[in-house]
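*Asks:* Next come the chains, spelled out residue by residue.
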Amino acid sequence: MKKDPFNVVVSGVGGQGNVLASLLIGAVLVNSGYKVTIGETYGASQRGGSVMSHVRISRTEQYGPLMPPGAADLVVALEPIEAARVLGQLGNPQTVSVVNTRPVYPVDVIAGDLTYPETTELFEKIQSLSSRSFFLNATEKALELGNPILANIILIGAVAGAGLLPISEEGLCNAIVDYLSPDKVDINRRAFLAGMEMVKE
Amino acid sequence: MSLIGKDAPGKEVLLMGNEAIARGALEAGISVAAAYPGNPSSEIVGSLAEVANEMGIYVEWSVNEKVALEVAAAAAVSGLDALVAMKQNGLNVASDFLLNLNLTGIRGGLVLVVCDDPSGISSTNEQDSRIIAKLADLPLLEPSTFDEAKDIVRYAFEVSRKINNVCMVRSVTRISHARGNVVLGPLPAGRPTPYFDTSKPLSSLPPSASHPVAHARLEQAAEIFKSSPFNRYRGPDTPELLIITSGAGSFFATEAMGILGLHSRVGLLKIGTTWPLPEELILSHLSKAEKVLFLEEVDPVLENNVKEIYADHNRSLPRITFFGKKSGTIPNTGELSPGLVLSVLSKLMEVPLPPVDEAYSIAAKDALERYAPFRSLAFCAGCPHRASFWAIKKALALDGRNGVLFGDIGCYGLGFLPTGFRQPKTLHAMGSGAGMAGGFGMLSRFGATQPSLTVCGDSTFFHAAIPALINGLHHRSDFLMIVLDNSATAMTGFQPHPGSSFDAMGSDAPPIAIEDLCSSLGIKTVERDPFQLEEAALTIHELLQEKGTKVLILRQECALVRGRKGPRRPRMKIDPAKCIGEQCGCNRLCTRVFRCPGLNWDGLTGKAKIDEAICVGCGVCADICPSGAIEREAS
Amino acid sequence: MEMEDLHGLDELNRRVLEKGLCAACGACTGRCPYLTSFRGKTVILDRCTVEHGRCFTYCPMTFFDPDETSRSVFGVPYNSESGLGYTGEVAGTRAADRETAAKGQGGGTVTALMALAMQQGLIDAAVLTALPEGDLFPRGMVAATVPEILSCCGSRYVGAHSLVALREALDRGFQRIGVVGLPCQIRSLRKMALYDLKEEGLKDRIALSVGLFCNWAFSSRDFKAFLAERYDLQEIRKFNIPPPPANVLELETTRGLTSIPLDEVRPMIQAACGVCPDMTSEFADLSVGMYEGREGWNTTIVRTDAGRSLFETALGAKALEVEAFPEENLAHLKQASINKRQRSARK
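Going down the list, the sequences are from chains X, E and A. The first sequence begins at 1 in the working numbering and counts up by one. The second sequence begins at 1 in the working numbering and counts up by one. The third sequence begins at 1 in the working numbering and counts up by one.
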């Protein structure tokens, strides 16, 4: 990684596996000798709110759990408007974004009190706020693999496939063994590889 | 074996602050851990529970925080080491016992970890618990990193054993619910056999005798803290500005100093022993300071205590300008953030903030305003609480007397929002809904005509609602307690409670049936399924017409628990031919009013849609659709 | 009535429900998820944002234009001086079938007419009131066969929301529905036909309306509470208001007959009835009511072609016995009707 600290934001909606994604990214990198700090918001976030994990990666320092304004180097978004939200708060002209294109509608949108942005415009907005951006329908791929929750691992695969973080297949599997459980390795490996594949296309 | 139980000294792992605290307790050699779950503290005892059997320790989810402290104290007065953990609100529940235990002292080690929640990210308040340590004459430690969280807990046990009294550790959300590198230390072997020395009874009587003993123990702690490794200074010998901080504040200060290039000009005194403060250390730094900035969250605890030391020694100290909450430099509510600390330091030190790209800022602002619609919190798809509040709303409408629903603490606290149709009208503390409903139910003697009712969760019922229920019953209060029994302490991560058939360590436990308990008191107790909306609503209505204290149990498992184990319920589908959408006769009831995230509204076709990735098939929407357009697909 | 004068639920609430002017007719509640009728009260469950709602439009209490209605039903402007509205023949009638005559209120004319209309295929469903097992107050029901019609009962002097059953009949797809209703309900039916907001073909599908005479009705919620305070509700079998000058409410209980002075129960009368100017269901096809001084008979007013056709069929089929209605009685009925109109105008 060129920058130290390298700041990653993993964002999404409560229930999308945001926390697990940031944990696994962090675990792989700690296993590789990095100092990693992850700041996240818990509690009510499980119930449909926006969730955001700050993952701060350094060779030498244990950074704080929240990054300063505009400090995001990489945004991994499980939901497109959450990408826009993070870029709006923490993005800068060099930020790279990896975005799951499948919307999860806020309850106020469902109720008709707010409107969801038109997706083409939304993607353009994300692009305009990123130096590079990758869009993939991770949820659709995850449903193909049997469970929409796997979208988070697919995105990690995409991040690795695009060479944005030093995460290898082996590193991820080891982290799953250490931090989750060995029986979860197989399905997550498939999701990871699927994500890698998706950014190669 | 979970990471926190790993016997691998020297291994560097990524741990959540709460897991690091748990690991610290294991490294200290605890025998007992107890807690009532509450964010941001839940994972401390949660992670200890996971390793309890392998580590040979006893871990329990207690019925409430006071009992948790009592269980831990029983071990600690018998020569064992015990940990008790709670969130800030929980400390209030436990404090009656705590403010007597502090006077008797203990005979082993007892560390009370309280996790504060500045800004109330997952709480109803943001109280600063550090003040309670002062009130209780107990030593208090505050970790600033994850690794330190582990080590400070181990150290707290040493202090506790040495002074024969409770040692408190205060964490905050940004430590407890964050993760970072932790180097595992050795795990001790062997534990003492508990023995209560009956020749030395423990009593605070008379306080005139026990209180001085508590003070003496605190003095002992102060002695130990003089050389504590958790108080550290980094910076020039005579800094232009001395920052005094504790907890997560040191992260933000360090980073801001780096960004602004202030390491040679500003000194950072990080305090780990917040109470009693290391007076000599502080004096030595005050003597070289002209400007002092306090960086701490919520209350000015460091600030006031340091100023007290300064006042006592003002003759020998230079004139100092203090910046903190009193000066208005730091807000006196809420948590700290990197942005806040950056701007404060930039102003005080007169150095510019890093430049920002103007065009990007404008575009970023636009993204927030136009492309990021707010996500209000909502009950999960398939959550039984949505159905319960729907039934309550209907019952209250049918009743027409403007009944008052007293709310309580749990996921169903979200009932305040449109997701729960704004039904609860109060929200205070665990069990207080029942107490207030009981009180309101006694006001008909003054002419009150509104029916009184309350909701409480199954875990909350056991925690603090039972005394209130009994109080209402005994005083002939007219109120209805609705127990929203979703078979889980859902808000905090599905911990078992006395109604569960298993305990924290996964052993079988005798479940206490709420209905049996209530019936045994002679209370009319009814059970319904909230997913049977109409029946539930009419039952509530009928119970509201009856005098006396009544209990209705609305029982349906939490959708998240169900999703984890059970097979998916029926797939839901919408018959577009029957969906009348925006017209009179429906007006988007399912999305506009019912607001389940598993449903969507397709503006183009003017029809409702099921979101396959979110719907869990509870089927409640099928019952509310007046057109019969939502159907359960045969599996 | 212009579209901009038609509103939704909020306005219905402001103009009618909040003022306690609901007549409990049932026109608004059928199938609407935002409104429900519950124990004699119309209850709002949620806020609805539909601009032009059927609830507001079909409610007899929001607005009613007698002229527009009269033109559309009778082809002439409304004559407020007439007392009985637009009338054709007025006659004394009773069901020819003794059993029907004995069972019904008065002379069983309504039951006989509805049964005949069904037999003759004039209607394919009837919206009536029936007494559910063990209940004191009737509810609306859809009768699709003659025996079902015969099982129904007469008015019980309470607002019964019975037009809820009209919505059910429409939803079940009936195309020629006959409705028996109180004057407020007949007004609602005519508004449905006039405005038919959802183009349900209501003008044709509400094929027959038989209106009842009505001076007032109790609020079933208040009346039930009144009775429950004084009696064990289980004991009450039936209640009846004999014609003046009795001025009492008769209660038939398991322990025998008792009576309550009418003045004691008057506070239980729906406020809506106090502002209602219509005693004889002036906009019905046929109106049927008490025949004062002649027990076991009804007064029948024929008003529209549909009414006349049914009436003549009934005579031809000998389903009704008919006798001339004395001038003196007619004058008396007119005066009573004018009195109601004048009372309502004072409110």
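Bear in mind the hints are in silico, worked out from the structure with no lab data behind them. Some hints could be false.
[Stated by the list, open to error] Heads up, simulated BS3-like pairs for lysine-lysine below, C-alpha to C-alpha not over 25 Å straight-line: (1) A:K41 - A:K347; (2) X:K184 - E:K578; (3) A:K203 - E:K547; (4) X:K184 - E:K6; (5) A:K203 - E:K578; (6) X:K35 - E:K200; (7) E:K609 - A:K198; (8) A:K203 - E:K607.
*Asks:* A separate judgement is required for each hint: does it hold in the structure or not?
*Replies:* Tested hints:
| no. | hint | verdict |
| --- | --- | --- |
| 1 | A:K41 - A:K347 | holds, 22 Å |
| 2 | X:K184 - E:K578 | violated, 43 Å |
| 3 | A:K203 - E:K547 | violated, 49 Å |
| 4 | X:K184 - E:K6 | holds, 20 Å |
| 5 | A:K203 - E:K578 | holds, 23 Å |
| 6 | X:K35 - E:K200 | violated, 50 Å |
| 7 | E:K609 - A:K198 | holds, 23 Å |
| 8 | A:K203 - E:K607 | violated, 29 Å |
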